[in-house]
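Trainee: Listed below are the residues making up each chain.
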Amino acid sequence: MIKARVTVTLKNGVLDPQGKAIEGALGTLGFDGVGHVRQGKVFDIELESADRAKAEADLKAMCDKLLANTVIENYTVSIT
Amino acid sequence: MKSAVILLPGLNRDRDMIAALTKIGGKAPVTVWQTDTDIPDVDLIVIPGGFSYGDYLRCGAIAARMPVMRAVAEKAAKGVTVMGVCNGFQILLEAGLLPGALMRNASLKFVCREVKLEVANAGTRFTSRYEKGQVIRCPIAHHDGNYFADEATLARIEGEGQVAFRYAEGTNPNGSLNDIAGIVNTEGNVLGMMPHPENLIEEAHGGTDGRALFEAALGRAA
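Chains as they are written, first to last, in the numbering used here: chain A, -13 to 66; chain B, 63 to 284.
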């Protein structure tokens, strides 16, 4: 079995009001020197195949078709 | 003038939409469930608002991948009039039938109130019964209506007159770029908008400003 982690983040230039709110809350808690905070998503996915190349291709297709909205988001795939 | 309303789990404005289409079109729309792969021959297809699939992953993301949306895309490609309101707009964007994306409101708050809409293009099959520049009232109720598109896309849709409605008179409730409240596709037969015109169609609603949109969309279909 292959275990993979997909990380989806907002593209540069896309405003992230949730990240901004988190940034503000960290400041409120007294954490000084916090720069920009951007919020993203992480998906841990198990695949029944042992074929890493196929798994990687499948995961990228999953990102393009569902996990990420490529209008506003980038993604990275890592297989452990 | 036959119409259809698409039904998905979690939508909650379907009854309002069915009532509006029935009252204005004179005939109840057919309803089409998410797993249906065929949409009957109709002149107008509407995706109503709500919270399909609980807004999981991204608003409209799961709904946009349901079998019925392939059928909607096929109908749209054939020129059938298609309209998505609120979550329906989010679904059309996620399905790639309209350009751009809708993000969390800049205020991070769910906004439920009335806004002013300016008719930015009265030349579409949805807005032809309004005047260009006309300002109408319209209710809104959403958490993720903050329209975003990259610079090139934004320039293109502005240049092509694809912006149908803008929030007017400083009422932009969500941070949408260029105050965009509703857009059409390049061909002009698909409209997506965040506000709810179906909730302002009779005096009991406190106004009828939304009526002309349905009259135009259904009238053209007739």
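It cannot be assumed that every hint is accurate.
Straight-line alpha carbon distances no greater than 30 Å define the calculated DSBU-like cross-link-like pairs of lysine-lysine that follow [unchecked claim]:
#1 A:K6 / B:K178
#2 A:K6 / B:K85
#3 A:K46 / A:K(-11)
#4 B:K64 / B:K140
#5 A:K6 / A:K40
#6 A:K(-3) / A:K40
#7 A:K6 / A:K46
#8 A:K46 / A:K27
#9 A:K40 / A:K(-11)
#10 A:K51 / B:K140
#11 B:K178 / B:K194
#12 B:K171 / A:K51
#13 A:K51 / B:K137
#14 B:K89 / B:K171
#15 A:K6 / A:K51
#16 A:K(-11) / A:K51
#17 B:K171 / A:K27
#18 B:K171 / A:K(-3)
#19 A:K40 / A:K51
#20 B:K178 / A:K46
#21 A:K(-3) / A:K46
#22 B:K171 / B:K140
#23 A:K40 / A:K27
#24 B:K64 / B:K85
Covered stretches of chain B, going by a simulated chain A footprint (3 or more residues, C-beta under 8 Å) [stated by the list, open to error]:
#25 134 to 148
#26 151 to 164
No lab work stands behind these hints, which were simulated from the structure alone.
Nothing here was measured: the structure is a model prediction, and the numbers come from that model.
Glycine included, C-beta positions come from ideal geometry on N, C-alpha and C.
Trainee: Hint by hint, note whether the structure agrees.
Mentor: The hints, checked one at a time:
Between K6 (chain A) and K178 (chain B) the CA atoms are separated by roughly 28 Å; this keeps the pair inside 30 Å, and the hint holds. For the hint pairing K6 (chain A) with K85 (chain B), the CA-to-CA distance comes to about 44 Å; that exceeds 30 Å, so the pair is violated. The suggested pairing of K46 (chain A) with K(-11) (chain A) holds, with an alpha-carbon distance near 14 Å, which does not exceed 30 Å. Between K64 (chain B) and K140 (chain B) the CA atoms are separated by roughly 16 Å; this keeps the pair inside 30 Å, and the hint holds.
Only pairs whose Cα atoms come within 30 Å are accepted, and K6 (chain A) paired with K40 (chain A) is rejected, the gap being roughly 38 Å. Restraint check for K(-3) (chain A) and K40 (chain A): the C-alpha separation of about 26 Å stays at or below 30 Å, so the hint holds. Distance hint between K6 (chain A) and K46 (chain A) is fulfilled; the C-alpha atoms sit about 29 Å from each other, no more than 30 Å. A distance of roughly 15 Å separates the Cα atoms of K46 (chain A) and K27 (chain A); the hinted pair therefore holds under the 30 Å criterion.
Using a Cα cut-off of 30 Å, the hinted pair K40 (chain A) and K(-11) (chain A) holds, with the two alpha carbons roughly 13 Å apart. Simply put, K51 (chain A) and K140 (chain B) have alpha-carbon atoms about 23 Å apart, close enough for the 30 Å limit, and the pair holds. Restraint check for K178 (chain B) and K194 (chain B): satisfied, since their Cα atoms lie roughly 14 Å apart, inside the 30 Å limit. The suggested pairing of K171 (chain B) with K51 (chain A) holds, with an alpha-carbon distance near 29 Å, which does not exceed 30 Å.
Between K51 (chain A) and K137 (chain B) the alpha-carbon distance is near 21 Å, which keeps this suggested pair within the 30 Å criterion. Simply put, K89 (chain B) and K171 (chain B) have alpha-carbon atoms about 37 Å apart, too far for the 30 Å limit, and the pair is violated. Note on K6 (chain A) and K51 (chain A): the hinted pairing holds, with a Cα-Cα distance of about 28 Å set against a maximum of 30 Å. For the proposed pair K(-11) (chain A) and K51 (chain A), the alpha carbon gap of about 20 Å is at most 30 Å, so the pair holds.
Only pairs whose Cα atoms come within 30 Å are accepted, and K171 (chain B) paired with K27 (chain A) is accepted, the gap being roughly 21 Å. As the CA atoms of K171 (chain B) and K(-3) (chain A) are separated by approximately 23 Å, the hinted pair is consistent with the 30 Å bound. A threshold of 30 Å between alpha carbons decides the hint, and for K40 (chain A) with K51 (chain A) the separation of about 16 Å falls inside it, so the pair holds. At roughly 42 Å between alpha-carbon atoms, K178 (chain B) and K46 (chain A) are farther apart than 30 Å, so this suggested pair is violated.
The hinted pair formed by K(-3) (chain A) and K46 (chain A) meets the criterion: a straight-line CA distance of about 17 Å does not exceed 30 Å. A distance of roughly 38 Å separates the Cα atoms of K171 (chain B) and K140 (chain B); the hinted pair therefore is violated under the 30 Å criterion. With a CA separation close to 23 Å, the supplied pair K40 (chain A) and K27 (chain A) stays within the 30 Å bound. At roughly 13 Å between alpha-carbon atoms, K64 (chain B) and K85 (chain B) fall within 30 Å of each other, so this suggested pair holds.
Under the rule that three or more residues need a Cβ within less than 8 Å of chain A, the assignment of the stretch 134 to 148 of chain B is violated, with 0 such residues. Check on the stretch 151 to 164 of chain B: 5 of its residues sit with their Cβ under 8 Å from a Cβ of chain A, so the three-residue criterion for coverage holds.
In this structure, the earlier hints numbered 2, 5, 14, 20, 22, 25 are contradicted, and the remaining ones agree with it.
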